[in-house]
Structures are given as structure tokens and as C-alpha cells.
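A.B. asks: Please build the complete structure, drawing on both the sequences and the hints.
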Amino acid sequence: MTAAIEAAGLVKRYKQVTALDGLDLYVPEGTVLGLLGPNGAGKTTAVSILATLLRPDAGWARVAGADVVHAPGRVRRRIGLSGQFAAVDENLTGFENLDMIGRLYHLDRAAARSRARALLERFDLAAAADRPVKTYSGGMRRRLDLAGAIVAEPPVLFLDEPTTGLDPRSRTEMWGVIRALVGKGTTLLLTTQYLEEADQLADDIVVIDQGREIAHGSADELKARLGGERIELTVTTLEAVAPTRGILARFCGGEERVKGRARTLSAPISGGPATFRELLQEVEAAGIGVYDVGMRRPTLDDVFLTLTGHTAQRSEDAEAEEVAQ
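Start counting at 1 in the sequence shown, then tack on 117, and there's your number in this note's numbering.
Honestly, the hints are just simulated from the structure, not real lab data.
For clarity, every value in this text was computed on a predicted model and none was experimentally measured.
Where a beta carbon is used, it is the ideal one built from N, C-alpha and C, also for glycine.
Do not rely on the hints blindly, as some may be mistaken.
For each label pair, taking beta carbons as the anchor points, the in silico distance ranges come out as [as the list claims (entries may be wrong)]:
(1) Leu424 - Glu401: 32 to 38 Å
(2) Glu401 - Gly302: 50 to 56 Å
(3) Glu338 - Lys301: 26 to 32 Å
(4) Asp284 - Thr353: 51 to 57 Å
(5) Glu373 - Thr353: 21 to 27 Å
(6) Pro390 - Asp206: 16 to 22 Å
(7) His223 - Glu373: 57 to 63 Å
C.D. replies: Put into C-alpha cells, the structure is as follows:
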């Protein structure tokens with residue numbers, strides 16, 4: 118398949134901090150790549166290079182067939198970008214924001230106005246079109262920002278943590294908007310801290326930490342590396358932790374796979390409800406008091422604990438990315 122986005126050996130340094138350390142990417146046309154990682158992993162730096170906002174210190178990248186260093190103008194004409202924070206003018210109305218963006222893309226007056234109205238309708242903002250953006254909710258601002266990124270109907274779209282800070286309902290609505298865009302053939306690179314979001318939207322996922330790729334595959338493949346679903350169990354006493362750990366270890370393939378904090382333990386298990394019931398029966402037979410128990414899907418912290426031995430904490434690289442913005 119033809120690549121819409123490809124990069125090899127991307128490196129970016131800020132003084133003593135290496136934000137990207139030899140990152141490779143390949144995104145076929147019409148697909149979605151999820152770039153997954155914690156704050157400071159290098160996600161925003163990677164997007165900034167691909168969108169020609171930063172120059173790499175080493176390596177190369179092409180977007181829609183154009184080199185990001187040698188032909189930045191060609192790249193910019195073929196991409197849309199929605200950053201972590203909505204880049205909209207709060208004093209203008211929603212319509213005025215999109216109309217202005219259309220004119221900046223050299224659409225004539227009639228075309229810019231028509232495009233603005235069509236996008237406001239498409240993003241469920243028509244009723245608020247003539248209100249100042251400062252009266253919009255966070256979810257409405259994010260939708261307006263995304264609408265602005267596609268005014269010129271770019272073939273390649275970069276979304277940098279598009280749902281950060283949104284409530285669950287707004288996040289679900291945003292996922293629907295993104296799916297509709299991809300359904301029309303847009304190639305998308307999506308950065309996120311949420312494995313669930315990448316699972317919902319991405320055809321392929323690259324997990325990065327400290328500017329390097331640490332895992333690559335589909336959502337199902339990443340979950341398989343974590344053992345699929347996890348059981349999380351909170352016991353009533355600290356004395357019950359050790360025997361509970363032993364029971365969990367027998368079900369998950371070893372004590373090293375059991376994670377814990379205070380009276381709460383978690384471990385990956387397979388087999389679904391049948392295994393869940395069998396494990397609880399053993400816990401009950403051992404006379405262990407349970408305060409809370411449940412099954413859950415893997416989280417980003419589970420990915421990072423498994424792949425790197427640490428959770429998705431903010432790192433020094435986050436400071437570097439903030440400097441770049």
C-alpha cells in the first residue's frame with residue numbers, strides 16, 4: 118500500500134533531553150495509526166515534525182509524498198492539524214472562525230462561507246454557529262477545532278490528543294466524528310494517552326516511551342501481550358494479601374505477573390467468566406475476605422508496567438515538549 122506518512126530515524130533533542138530517539142513510522146493511505154504514550158513520551162514532538170512545525174535533528178519524514186524538511190509548503194497544503202488545545206478565537210463566532218480559516222486557505226468568499234456552514238452542520242454546531250466561541254463548552258470547542266483542521270479537506274490529518282479533558286459523553290461524540298472522517302478516506306495519525314481510544318479508532322498502534330518505540334501492533338496484539346483481561350481484587354486485611362497473591366499467581370502464570378498496592382492486587386487472566394468464577398471460588402475456599410473484585414480491560418499503565426516496568430508517569434520529556442509549543 119502507498120504510504121501517506123512515513124518516517125525513519127527521527128531524532129529531536131532539547132538541550133540535555135532527547136524527545137525523539139530514532140522513531141520510525143509507516144501509515145498507509147486511508148488508515149489510522151495510534152501513537153500511544155504517556156505525557157512526555159515524544160508524541161507531540163513527532164506530530165510537530167510531521168506537520169513541519171519543528172525540524173528533526175536527524176532522520177527523515179515524508180507526508181503525502183512530500184519531504185517535511187525540503188518541501189514543507191507542499192506538506193502544509195496536504196495536511197490538517199488539531200493540537201492538544203483548541204486553536205480557536207474565543208471572540209469570534211463559530212461561523213466566523215471557520216470562514217476565516219477558509220479565507221486563509223484562499224477559498225473565495227462564497228466557497229469559504231458555504232464550507233463553514235456545511236462543517237458546522239456536520240459537527241452538530243449549527244445551532245451555536247452565531248454565538249461567540251467563549252460561550253462554547255469544552256466539547257464544542259474541540260469539535261470546532263477539528264472542523265477547522267479539515268476546512269481544506271486535507272488527505273492527511275494529525276490529531277494530537279483530541280479528547281484530553283473531555284467528559285465521557287463528549288469523548289464518545291468526538292470518536293464518532295473521527296470515524297466519519299476516516300470513513301471518507303482520510304489518513305489519520307492520532308496521539309493519545311488512552312489505550313481504549315486507540316482501540317476504538319486505530320488500525321495500527323505504536324507505543325512509545327522516552328522517544329523510542331517499545332511496542333507495535335494492533336490493539337488485540339497489544340492486549341494479548343498483557344494477557345487480555347485483568348482481574349482486580351481488594352482484600353479486607355493486609356494479612357490476606359500474601360495468600361491471595363499466591364492464588365492469583367497460579368491463574369496468571371507466575372507471581373511476577375501479579376501487581377499490587379496496599380490491599381489491592383491485579384493480574385492478567387484468560388478464559389473469561391469461567392476462569393473468573395473458578396478463581397473466586399478458590400479465594401472463598403481459602404477463607405479470604407474480599408472488599409471489592411472486578412474484571413477490567415488493560416489500561417495504559419498496564420501496557421507500560423508490562424513493557425517497561427514503570428507506569429505512565431510524566432517524565433522529563435514532557436518539559437521538552439512544552440518548550441516546543
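A.B. asks: All hints, please: hold or fail.
C.D. replies: How the hints compare with the structure:
1. In this structure the hint that Leu424 and Glu401 lie 32 to 38 Å apart at CB holds, the actual value being about 34 Å.
2. The hinted range of 50 to 56 Å is satisfied by Glu401 and Gly302, whose Cβ atoms lie roughly 54 Å apart.
3. Hint check: Glu338 to Lys301, Cβ distance near 27 Å, so the stated range 26 to 32 Å holds.
4. Between Asp284 and Thr353 the beta carbons are some 33 Å apart, a value that contradicts the proposed interval 51 to 57 Å.
5. Checked against the given bound of 21 to 27 Å, the beta carbons of Glu373 and Thr353, roughly 25 Å apart, stay inside it.
6. Distance hint check for Pro390 and Asp206: the Cβ-Cβ separation is about 52 Å, which falls outside the suggested range of 16 to 22 Å.
7. A hinted range of 57 to 63 Å holds for the C-beta pair His223 and Glu373, which are about 60 Å apart.
Of the numbered hints given earlier, the model fails hints 4, 6; all others are met.
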